[in-house]
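Peer 1: As a plain string of letters, each chain reads:
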Amino acid sequence: MNENYVAGFDACPTWSPVLGYAGAAICIIFANWGAAVGTWKCGLGLCGMGINHPNGIIKNLIGIIMAGVLGIFGLIVAIILGGGITGPDENGMATYSQFNGWSDLAAGVCCGATCLAAGYATGIAGETSILAVGVRAMGNKHRQSRGAPGGAGDDFDEGDASKLYIAGVTILSFAGALGLYGFIVALIIASTPGYYCSAD
Amino acid sequence: MSSSSCTGEYCNAGWSEVLTSMSPYGWGSMGLAFGLSLSVIGAAWGIFLTGSSLVGAAVKSPRIRSKNLISVIFCEATAIYGVIMAIVLNGLMKKPEGGIENGSFTDEWNWSSFYFAGYGVFSSGLSVGLTNVASGVAVGIAGSSCALADAQDSSLFVKILIVEIFASALGIFGIIVGIIQSNSCQFPYDVAN
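As they're listed, the protein sequences go chains H and A.
Here our numbering = 1-based position in the first sequence + 1116.
Here our numbering = 1-based position in the second sequence + 840.
Certain hints may be false.
Claimed, not checked - Here are some chain A residues pointing at chain H (derived, C-beta under 8 angstroms): (1) Gly854; (2) Trp855; (3) Ser863; (4) Ile887; (5) Ala974.
Claimed, not checked - Label pairs and their computed distance ranges (CB to CB): (6) A/Thr946 with H/Glu1206: 48 to 58 angstroms; (7) A/Ser1024 with H/Lys1279: 23 to 33 angstroms; (8) H/Ser1314 with A/Glu857: 24 to 34 angstroms; (9) H/Gly1199 with A/Ile910: 37 to 47 angstroms.
None of these hints come from the bench; they were simulated from the model.
The beta carbon of each residue, even a glycine, is placed where N, CA and C say it ideally should be.
Generate coordinates for the entire structure from the input sequences, incorporating the hints supplied.
Peer 2: Following this line, the structure appears as structure tokens:
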């Protein structure tokens, strides 16, 4: 063997589970961090909207649900990755190869970082869109109350604020799809067959 | 070896030892992960930049809603470039079947192809990922100003859309270079390679 390469380059070193477990940990940590940011910012927007437009609260929970789904993606991938890490066999030899370790780390980083980014996008765009729906609905109610001929009732509808709601949900769907891309790629990586060392 | 290299027991033999001490499977997998993650970070950044401006401007001028969703679609396309590259690179990563005896590589293992493939996949992933961060942010900011300008004067929409098209071309450059770089990468998977 060429002596420029480092000696002891093992296919199944004892430290390769570090990589696998780091992948599972990064996946769950980052994905739920993104879900938390999405829930936080959409929640603040929802509360701000709900002051003047309480009828729209149930409809606008969609942003918080889509943020929560990102956390579930991270949970699923972390469970799948953690279940594929094998320990040493009865002779004490490691069975989990570096090939598996690095690919599990890549799968964890893929799902975690993409769900983190999707969570930030969901939160920031979702907060603005929920607040915008509230402002539009409040403006429509004021226009109706000014135009109403004899006396003001209190069942003005929100007018065309539902069209603005549809635009907001479209943007939230595109943002949530980013987390789905990372989830799919992580599952593809985790399902390619790995290499396990066994005693010959 | 130059006479100034240190020879104590904690010194390494230079960059060759440092760079070859990480397994090429590691280089390759990290390139794959960075390719997808950075692409999606760029896409998410662009989506929240353009989406929040779009919906905010649509409060006072609702007619801009549907047309300006195309900016969001441009940002999503940069994420799809990352997904395409990740699936291509995942297909290149091959497990070492037939090349391992008793836990270490055989003497006929094709080390040069192994290292070349690892470095190539790493750089391919970084090419796609970093260019898509730039492309996503550029499309986001251009799309945000497109929505605001369209709310003021609807004849400006097509003109600013041209700026967005140039911005999304940056992502296409990245994936072209990534595909070219990863074409010649072959991980050896049996001793005949």
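Peer 1: Compare the structure with the hints numbered earlier in the document and write down the numbers of the violated ones, lowest to highest.
Peer 2: 1, 2, 5, 6 and 7
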